[in-house]
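Listed below, chain by chain, are the residues.
There are 2 protein chains.
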Amino acid sequence: MVDTGKVVNKVAVVMAGGRGTRFWPRSRGHRPKQFLAMVGESTLLNQTVDRLGADFPPEKVYVVTTQELAAETRRMLPTLPPENVIVEPEGRNTAPCLALALVTIERQHPDSVMVVLSADHWITNHDAFLGDIDLAAHHAYQTHDLVTFGIRPAYPETGYGYIETSGQGMVLSVKAFREKPPLATAIEYVQSGQHYWNAGMFVWTLADMRRELLENCPEVLVPLDAWVAAGADSKAISAAYSALPKLSIDYALMEKSKHVAVVPTSFGWSDVGSWPAVVEFHEPDADGNVVVGEAVLVDSSNCAIFGGRRMIATSGLQDVIVVDEEDALLICHRDKAQGVKDIVERLQKLGRTDLL
Amino acid sequence: MVDTGKVVNKVAVVMAGGRGTRFWPRSRGHRPKQFLAMVGESTLLNQTVDRLGADFPPEKVYVVTTQELAAETRRMLPTLPPENVIVEPEGRNTAPCLALALVTIERQHPDSVMVVLSADHWITNHDAFLGDIDLAAHHAYQTHDLVTFGIRPAYPETGYGYIETSGQGMVLSVKAFREKPPLATAIEYVQSGQHYWNAGMFVWTLADMRRELLENCPEVLVPLDAWVAAGADSKAISAAYSALPKLSIDYALMEKSKHVAVVPTSFGWSDVGSWPAVVEFHEPDADGNVVVGEAVLVDSSNCAIFGGRRMIATSGLQDVIVVDEEDALLICHRDKAQGVKDIVERLQKLGRTDLL
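First to last, the protein sequences are chains U and B.
If you read the first sequence in our numbering, its first letter stands for residue 1, the second for the next number, and so on.
If you read the second sequence in our numbering, its first letter stands for residue 357, the second for the next number, and so on.
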């Protein structure tokens, strides 16, 4: 049993460099998903920081984002010390992102536990969330495990990685990380009771993260250590950073480490990964339609209208999602939301960066 | 056989008072279908007047429209004498409209044949069109028949009235006017070879029209005659006009008269009656999609995009028509275009006259 009475020095690292092309045309390069109030009243980024509450005073909350998004991120989080917005010269996946956070935070809060969160997830039951973090932080502090959160799967999602666990209780052992499964396998995972969604949220001490990175993936840390040793000049970071391999923290660290534990979560979670996921956050009318803005729906059912800019009228539509923006309009079958990625790629090929 | 060598004094009457709610959101109260370039390069109204060509000099072309549309109609037809735009105080269906044209034209071209046309139809093969008019005009002049044009049905349309004919040749006798039929009946009509679509285009002498109106439906003519006898003051027309019954010329005259003939047409015709009809005027791509404006269509087929205002992107759509306007957007299944009428009614009930 983990002793949660002990005071553990926690810092939060919010990864906020994502582009979120799946929410085109609402999300854009300069206005990614975390900057949008996709669900709830405020942006996902603000919700993420706000829900850390009193457990994480502003000086212990770090947000990592790209150069392009840094100014707006600071503007959106006025209570955070500006230097707590850590700027990646470019997005190189989560392993470099978190290694940069490590070398930055080591100098400011050396003896602490890092809580890694995503800026664009939806979480309910904040007390449970903070309780789970506390449990994970104490476990990490006492056992030197790398702790990941496991979400009990609500349905056989084929778009997430799974963690196969063993044992019972508040903290589980990891048998294996499983890649995005085909549907039949996902159904087995859900039925097993031992598989959890890998939500990409982690808890570990800075020292353990350093030790494990050097052991399992030194190439993402050594160049940054050299940059720090040379004075950590912010102008010199680009060269050091561009040398880092583009790896996820799951691949670089979690799947390789022998010291990983899972805390099954007791809070509600969604990665709000697509327009149909956003639709689920709205109460439909008797015909299954969701309308944001002004719309007249005739002979239409199970549709979702994200408008607000003009009158949107439909006739004879089923299972269609509409997203209306000033310069672009998306009309998408509910089961074909993955096509939004293809649309974005086509626009890129057409050179329509003005729309991306 | 009609002798077409004789010179007949023809005047054209273009009925241009229609509202065209079936083309919402492109058509509006102040911008009805005839004012739009729905098909072709110019507006349907301009095309209608232009195709009369040299056969109808401007002083012999009359356009009847409502007070609301008169100024714009005159602006769109600068070669017409302004007084040739006959103004109905209000729309009261086609019988009052044409009776008003009759009493107006009688004073200016007393011994002439009236050719009644619609402002919002599409016609191909203009030589054939003018030839058919000439034939009908000579027939009307010589026989005192009321002549209507019959379109050989291309398919069993259930939205049109039919004319059942007998005889053979260039001019046919009428057995009966048939109302919009159910599909099975429409199929029989098409197969019979004796049924024609009633396209609402007529040819008659002024004198015959007067005689037949007084015989079959005096209530649409007598109040107008009284108005003319009192000086034909343009300010007094409203009172006279509002007393007229709202009747179609088909009901008031054609179905009652015993002197009706049909000229089967040799020109191509469409009433461009709905968005799906407009789609038919465009060459689809390999996936059956029609795009006007900028669009990216992923995994979509048999769709039509009438855009031009912003990028329109679709994913996984089949058989959907999109019409994008500044203040309103229509998304309509191809088989549910009749729902546009319901949308307009709903907007009316919502008090959104700004969109109508």
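FYI, nobody ran anything at the bench for these hints, they're computed from the structure.
Incorrect hints may have been included.
[Said to hold, decoys possible] Cβ-to-Cβ under 7 Å is the rule here; a few derived chain B residues that face chain U:
(1) Arg-382
(2) Asp-655
(3) Gly-672
[Said to hold, decoys possible] Far from chain B by the CB rule (all over 12 Å, computed), these chain U residues:
(4) Ser-118
(5) His-144
(6) Ser-166
(7) Ser-248
(8) Ser-257
(9) His-282
(10) Gly-288
(11) Glu-294
(12) Ser-300
(13) Gly-316
(14) Gln-318
(15) Val-320
(16) Ala-337
(17) Gln-338
The beta carbon of each residue, even a glycine, is placed where N, CA and C say it ideally should be.
Evaluated hints:
no.: 1; hint: Arg-382; result: violated, 12 Å
no.: 2; hint: Asp-655; result: holds, 5 Å
no.: 3; hint: Gly-672; result: holds, 3 Å
no.: 4; hint: Ser-118; result: holds, 25 Å
no.: 5; hint: His-144; result: holds, 47 Å
no.: 6; hint: Ser-166; result: holds, 41 Å
no.: 7; hint: Ser-248; result: holds, 27 Å
no.: 8; hint: Ser-257; result: holds, 39 Å
no.: 9; hint: His-282; result: holds, 19 Å
no.: 10; hint: Gly-288; result: holds, 16 Å
no.: 11; hint: Glu-294; result: violated, 9 Å
no.: 12; hint: Ser-300; result: violated, 9 Å
no.: 13; hint: Gly-316; result: violated, 3 Å
no.: 14; hint: Gln-318; result: violated, 8 Å
no.: 15; hint: Val-320; result: violated, 7 Å
no.: 16; hint: Ala-337; result: violated, 7 Å
no.: 17; hint: Gln-338; result: violated, 8 Å
The structure shown violates the earlier hints numbered 1, 11, 12, 13, 14, 15, 16 and 17.
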